[in-house]
Amino acid sequence: AQSVTQPDIHITVSEGASLELRCNYSYGATPYLFWYVQSPGQGLQLLLKYFSGDTLVQGIKGFEAEFKRSQSSFNLRKPSVHWSDAAEYFCAVKPQTGANNLFFGTGTRLTVIP
Amino acid sequence: NAGVTQTPKFQVLKTGQSMTLQCAQDMNHEYMSWYRQDPGMGLRLIHYSVGAGITDQGEVPNGYNVSRSTTEDFPLRLLSAAPSQTSVYFCASINRESYEQYFGPGTRLTVT
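Protein chains in written order, with the numbering used here: chain R, 1 to 114; chain S, 1 to 112.
Each statement offered as a hint is correct.
Pairs of lysine to aspartate or glutamate residues, derived as DMTMM-like cross-links and limited to a Cα-Cα distance of at most 25 Å, are as follows:
id	chain 1	residue 1	chain 2	residue 2
1	R	K49	S	E30
2	S	K9	R	E88
3	R	K61	S	E100
4	R	K68	R	D54
5	R	K49	S	E59
6	R	K49	S	E100
7	S	K9	S	E59
8	S	K14	S	D38
9	R	K61	R	E20
10	R	K61	S	E97
11	R	K49	S	D38
12	R	K49	S	D26
13	R	K68	R	D8
14	S	K9	S	D26
15	S	K9	S	E30
16	R	K61	R	E15
17	R	K49	R	E88
18	R	K49	S	E97
19	R	K68	R	E88
20	R	K61	R	D8
21	R	K61	R	D85
22	R	K49	R	D85
23	S	K9	S	E100
24	R	K68	R	E20
25	R	K68	S	E100
26	R	K49	R	E20
27	R	K49	R	D8
28	R	K61	R	E88
Reference listing, derived: stretches of chain S covered by chain R, where coverage requires no fewer than 3 residues with Cβ under 8 Å from a Cβ of chain R:
id	region
29	45–54
30	95–101
No lab work stands behind these hints, which were simulated from the structure alone.
Fair warning: this is a prediction, and the values are worked out from it, not measured in the lab.
The beta carbon of each residue, even a glycine, is placed where N, CA and C say it ideally should be.
Next comes chain S alone, as it looks inside the complex:
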């Protein structure tokens, strides 16, 4: 039982490049989320999904796309990276009975 996995752990992009942050969970949770963490700002919700085929925006969705084709996977796409997207990104899956969120180890992204 790996829990929530994220790849890559580190990534450096140039402005304008695109990439996909991968997230997978093996707990059969329907609910998954993406957060970004910036110094002094805590974690802010980017997008979330309540099940396969269903996604919605969080607090800071601009510049990010998501899709959810399977229960296990919830990738986050940056179509045209900007320096303001330099951050640490966390994926989480949520137990709907206990509301406990299980976090992945994070992806540290730098956009130059």
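One chain only, chain R, in its complex shape:
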């Protein structure tokens, strides 16, 4: 079955530490891949996206993500986390064919401790 999985429900990191949030997908053909961030009480904001080409994608706010076809993964990384990065992060996919709808993972909540 087609799915998007974010295995970590909640992650806590210290300010200044590195961060990696995991995302795995299960689709017949590699879908288009997205990471969104949701700050408390806010809507979702696009961090970055991958359609094709270079497998390391740079986004806003210092985030990057790496597409690994062999692992069906699209993990989000940041070298040094800031307190303002505390939020919920969603991985999403759009199948290459069909409607333009996104399918979201269940999210990972990030807590940053000083």
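Starting from the structure of chain R, add chain S where the hints point.
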């Protein structure tokens, strides 16, 4: 350029009441969607529209109606609210070239 706007921000309904969640966008996007967000379940698609006059069901359409008479507006109607519809509702419009979705700020709905 306001992007995507949603009203109201908060709403409390009694079981059986009806209401309409409003959504408007000023980016001239043809494609719009409604999602609900529940703890531990991410965002799930309720209904979507590929243009004025055209709507279709998403993953969880039961209990919700939509219509799309203009490009700008995409209201979501609850005809008879149920406690299971307590959720946060997000409207989004989509750039068809980049596939980027622009989300509104959300409506937090409680049904008692």
